[in-house]
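Q: Going line by line, the protein sequences match chains A and B. Residue 1415 in the numbering used here sits at position 648 of the first sequence; the count goes up by one each step and never skips. Residue 1385 in the numbering used here sits at position 618 of the second sequence; the count goes up by one each step and never skips.
Among the hints, erroneous ones may be present.
Which copy is meant is left open, so a pair is good if it fits within one copy or across any two.
[As the list claims (entries may be wrong)] Only pairs whose alpha carbons sit at most 20 Å apart, straight line, appear in this in silico PhoX-like list of lysine-lysine:
#, residue 1, residue 2
1, K1224, K1213
2, K1018, K946
3, K945, K1213
4, K1159, K1191
5, K1191, K945
6, K946, K1213
7, K1062, K1095
8, K1072, K1449
9, K1191, K946
10, K1072, K885
11, K1029, K979
12, K807, K1102
If you are wondering where the hints come from, they were derived from the structure by calculation, not from laboratory data. Note that this is a predicted model, so its numbers are computed, not measured.
There are 2 protein chains.
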Amino acid sequence: MGITGPSESGPSTTSGSHELDLEEAAGDGGVKEKTSTSSKLMFAPWQSAVDEGFWHQLASFKLETQRLAEHPVPVSGFFAPCSHPQVPSHLQLMEESLPTDPGGHSSESFAVQGNRNKCPVPGTLYNSNTLEGFTGLDTPSLLKITTQQIWEDIQSGRAEETSNLLNRFLLISFADLKKWSFYYWFAFPAVVITPPVTSSSCRPVSEAFDEKESTAIREACSEWRGTPATASSCFFLLHFTSGAVIARPIKDWKLAQEEGGKVIAAFYDPCNISTNPGWPLRNLLALAAARWEVKDLRVLCYREKRGFIDPQLSLIVDVQLPELPEWKAPGFLPKGVGWELNTRGKARPRSVHLAASMDPERMANEAADLNLKLMRWRLLPSLDLPTLSSTKCLLLGAGTLGCQVARGLLAWGIRHITFVDYGKVAMSNPCRQSLYNVEDCLNGGKLKVDAAADSLKRIIPGVKASGVYMSIPMPGHSVSPGEVDKVVADASRLKELVDEHDVVFLLTDTRESRWLPTLLCAEANKVAVNAALGFDTYLVMRHGAGPLSNQGEASGTTEAESSVQPGRSRLGCYFCNDVVAPLDSTANRTLDQQCTVTRPGLAPIAAALAVELAVNLLHHPLRINAPADSALSVTDNSTEPLGILPHQVRGFVAHFSQMVVVGSAFDKCTACSSIVVEEFRKRGMEFVLEVLNRPNYLEDLTGLTEMVAATQGMSLDWDDEGEFTDEES
Amino acid sequence: MGITGPSESGPSTTSGSHELDLEEAAGDGGVKEKTSTSSKLMFAPWQSAVDEGFWHQLASFKLETQRLAEHPVPVSGFFAPCSHPQVPSHLQLMEESLPTDPGGHSSESFAVQGNRNKCPVPGTLYNSNTLEGFTGLDTPSLLKITTQQIWEDIQSGRAEETSNLLNRFLLISFADLKKWSFYYWFAFPAVVITPPVTSSSCRPVSEAFDEKESTAIREACSEWRGTPATASSCFFLLHFTSGAVIARPIKDWKLAQEEGGKVIAAFYDPCNISTNPGWPLRNLLALAAARWEVKDLRVLCYREKRGFIDPQLSLIVDVQLPELPEWKAPGFLPKGVGWELNTRGKARPRSVHLAASMDPERMANEAADLNLKLMRWRLLPSLDLPTLSSTKCLLLGAGTLGCQVARGLLAWGIRHITFVDYGKVAMSNPCRQSLYNVEDCLNGGKLKVDAAADSLKRIIPGVKASGVYMSIPMPGHSVSPGEVDKVVADASRLKELVDEHDVVFLLTDTRESRWLPTLLCAEANKVAVNAALGFDTYLVMRHGAGPLSNQGEASGTTEAESSVQPGRSRLGCYFCNDVVAPLDSTANRTLDQQCTVTRPGLAPIAAALAVELAVNLLHHPLRINAPADSALSVTDNSTEPLGILPHQVRGFVAHFSQMVVVGSAFDKCTACSSIVVEEFRKRGMEFVLEVLNRPNYLEDLTGLTEMVAATQGMSLDWDDEGEFTDEES
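Let the sequences and hints guide you as you build the complete structure.
A: Here it is as structure tokens:
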């Protein structure tokens, strides 16, 4: 990545460190000069450390909360005093560093939390939307803004109340969530004191104090560190009074001076260097100069060993502050430094690429949702991903349509898919059935339901995909006495499956195999979405609500049915246009009728439309009861963000055209009329068996027989559904 | 498979054999009775053997030639005299058994071919379209018909002219080409002689004749078998005259009788049983009884050893024929027997399942074409599969659209696909890009072009799929001096690729990446099909012919261009609606603009339509010059079988609607106008580099700059192409 540093932020205005290379950066207010009594004081810069958890949290925060916004976000860093002579303490960013409130606007959620090893430090995150935005950020200005905040906190006394504000930091970033790469740059702004601060002495606590004083200091620090209210306040005072040493907040400086006795300033020092204090001292000295107006200050760089002060590692530094008359001028703003160097010691951003280290399964699952979450940023804020991901879809048929519908559902964030099919993957399948490969066809072919579920898991490992290998009982396919048990078991299993799922897709290869699922959906009032293919025409439709649902007719008024409510009648099902019951259509079919002889373009189109229709429906407050939108009802784009919710879509690929159709429920429908649903409720499997075995039973039951007899000779205007030869399973 | 035998063809009317179990079937005109001098003669039935090649040939004959027709088809079986004491000779069907003329109507293409080991036997194949049709065939009637043919051939003397007609056979079959399963049943009709023929003697040739006679017989047979004109005639006579033996055709029976001397009938006996003659003798005896009116006949069952008569294996049978007065009655038709028993000894069909034994690759390749070949049976006889399978498609972009277009092309029988892409498979790709799995994303991701080509080969092993990993030079993406060589190489490679392919699909993720391919297609007059996606809208279009092609304007008339020919102007390209040249649109794109943020349903629909459009175009006689059909021009279904051939299809998924649009070429188009194409021809890569580096160059060149300046303030009615954010690559 050819990221170049911000043009206005060259090394001359930055300060930082590369790993343990602690030499102070040049340009920090002067050059190192040795005088006889005191030398220029140099500070070991902060080192940042970002947990992987922070990046993951940033990813979801960006995707789900911040989206397109680029406003600064408050973050909390955490650190503790250095506790190991070889290793400095880092400023850490972790998962909890990011705000948890959905707005992301919580003003400085950071607070003294009483955890002595996780002292919170307030920071500000500028996360850019684009790499160009990131590299183009005005880093000098950002640093100036933060330095100003620190300066103002010093001036106002707020920094004395909440001393951790002196460690305030800045983080700029760009999260490339497609590649799981993060580009970032920390700044730890320090107020520059010019001419520089000098030090006349810098030695370990053990050398600076005698045994008694050391013990008193140890006890005072221990109490500060052990008291929840103060434990994570990283600046404090040690007040030496008549043999005792008390740790006090820095706001007590003037008070302690008045009370008399020696006062030294102390801070949790992340640095492990025996010759230099760490970076936090810089802003403490600025405070001392500006607020306390001292010339000389003794400072304890507090470092720990096993939970107590480490008298060898901790330093006592005697500091001489210069005259700073200009600081009194109204509106004066001191210069700030502090952009961190990268791991190569350059004043440049760092980057981290998590793709390689992430668990592929987790990454795949997160990546699969990426496009959808991005969709919510701008184009479709109302997209209801939680609903989609919890919706259970039952796909009846794992053929050309079934495979394509499953892919479409995955792409929309559906994560629970169950296939029902009774076939094996044949050699002629893969070139049209997009979940199968040639490998699935070998040795007689895998069960389609297994191959399809496995294939979905190779697309998104976290998908809950499964398959049920069973045939769907069909009217006209008569049942011999020996088969009754199996057919009843199949029908019962299908009923369970319909009950267990939220949306049922009818994608089977025959008309009659759609009958029982249609009835079961009508009975359970489940959403049914149907797709059927002709040679160059397709039909995609959703079935209306069940006849015994609230929106359907009340039980018992079967004669009147939907026709009594013109304008808001119950929507029809796949069988509502028919005056004949479904019969065995598989017998005597030639090869071209057995196989999918449709234009190859049809199935992807019909499957995509079936999925779009289902997703639209899931976003409609009335769900299955939603009325049918007609094409004409949408005159502008101001309606639902997902567009219209039609009843039926019919397409004609030979004309590259498509139309929206509405059809009401038919009171003599052989699948969804109340008389059929009631009979099924009453007689259960006995009813199903009678339908399967007696070709005319359904027509007699619904009154179709009579009706057809009565209309003999009339010219009926029924749609010719026979055009749709359906889909190969 | 629960195939049940034809109801009217029980064992009582059939005769046949299971492997080497040669006992004669019951009901064949009587029961075995032993008399003192002679016993009822029993015949060893024919055994059929079908080469795998025959089934493959039948598959393609059915798919490509016969299709829906069920007319009987002449086939040739082949056999030779038995030549091994343990193994009978089979009647074999091989690849060449089926007719080769496209009509499949060749009347008895069988002929004496002079191959002594491949004596042709005429047969008739009844191949049913459905399993139900097969099991429902009226097998008694079919047998009767064939028996009648044999009887008529005997009566007319035709069987004496062409003796192999006596072996005429019958084959019924059903080919389940989806599963590569074949159901079949042979019949070898034999005229039943009642009361039965008896035999007074049956012994080896070596016992029936002395040394000298044996030698003479050996020489006569050898000459018959060695003469091309007679070698494959399986019935003949041996005429014993004054010490010599001559082999003569059976039509010479009467003549030989008149000439005097002993005459014995001979036939190539497939049977290896030492006690019985083989099945062919039955119809020879019927001929002898009906035509020669003999009572006693000596017969040689000719069997071979190393190319000569085997005197131990060959039999001499002395036969007594009964009185058959009813045979003289006019219109008399003797009864026939001969349905072969299956391998379990039942009078039932046999089946063979080739799926397990077939080379999976071959089978996959054949299966992939199955649906298309079936389409030609009934729905789309004009489907030009040879053209499609030889069309070379170049897919620019292997993203959501590229994957789906490739699948669609495979399903239409396209077998040559080249991908161009410059990306790797990312974790967020598989759930929308249907050729990739999670595995393709690991370790940084495979190159998309490789993963896509590999994926196609897992769908159809025989596909010629390859990928070219390269970026497409784009206007506005300026080229630094160090990059010139690479960019020129890329542009040159792209030009080669366009030249090498027949159809170019533009499926890339930016507007500007379509510019150079559009120009190259316009220059080479190559078919370009373009698909672009908005959030819920799509555009699918074909570009018009190149401006310097015949249908375009003549070179030099750049000012006038298409507008001079209203009603038949050159069709526009993707850029013809624009008044600004394409520029770098990738800079500063936020994550939701970088990724495919479109409704998931769009890409499958747009890709399917792009493929349908391309396939339609390939079927149009004018190809790239085909005028644009409008939706209104099709008022009925009587036009082209594939439907209309529009210029552009625009779809609106939020409205579930789609419309057909026509746009003419624009004489100031920055991609396909003659001024641009001519400049490219003149200056080549220098021109391309100038376009890439100078944002306004194309607008200046084409006169767009002037035009826009002149129309400032006017309300222009250009389509807002900006709506289409294109496709992620």
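Q: Each hint needs a verdict: does it hold in this structure or not?
A: Taking the hints in turn, this is what the structure says about them:
1. In this homomeric assembly, K1224 and K1213 come within 20 Å of each other (Cα to Cα) both inside a single copy, at 16 Å, and across copies, at 19 Å.
2. With identical chains, the CA atoms of K1018 and K946 are never at most 20 Å apart, being 48 Å at best within one copy and 88 Å at best between copies.
3. Proximity of K945 to K1213 under the C-alpha cut-off of 20 Å is restricted to the inter-copy arrangement: shortest distance 15 Å between copies versus 34 Å within a copy.
4. For the homomeric pair K1159 and K1191, neither the shortest alpha-carbon distance inside one copy (24 Å) nor that between copies (32 Å) is at most 20 Å.
5. Taking the shortest Cα distances, K1191 and K945 sit within 20 Å of each other only across copies (11 Å), while inside one copy they are farther apart (37 Å).
6. For the identical chains of this complex, K946 and K1213 are inter-copy neighbours only, at 13 Å across copies versus 35 Å inside a copy, given an alpha-carbon limit of 20 Å.
7. Proximity of K1062 and K1095 under a CA criterion of 20 Å is satisfied intra-copy only: 15 Å inside one chain copy versus 147 Å between copies.
8. Taking the shortest alpha-carbon separations for K1072 and K1449, neither the intra-copy value of 80 Å nor the inter-copy value of 79 Å comes in at or below 20 Å.
9. Taking the shortest alpha-carbon separations for K1191 and K946, only the inter-copy value of 10 Å comes in at or below 20 Å, while the best intra-copy value is 38 Å.
10. In this assembly of identical chains, K1072 and K885 lie within 20 Å of each other by CA distance solely inside one copy; the values are 16 Å within and 101 Å between copies.
11. For a Cα distance limit of 20 Å, the shortest separation of K1029 from K979 inside one copy, 15 Å, qualifies, whereas the shortest one across copies, 147 Å, does not.
12. With identical chains, the CA atoms of K807 and K1102 are at most 20 Å apart within one copy only, with a shortest distance of 18 Å there and 126 Å across copies.
Consistency note: the structure conflicts with the earlier hints numbered 2, 4 and 8.
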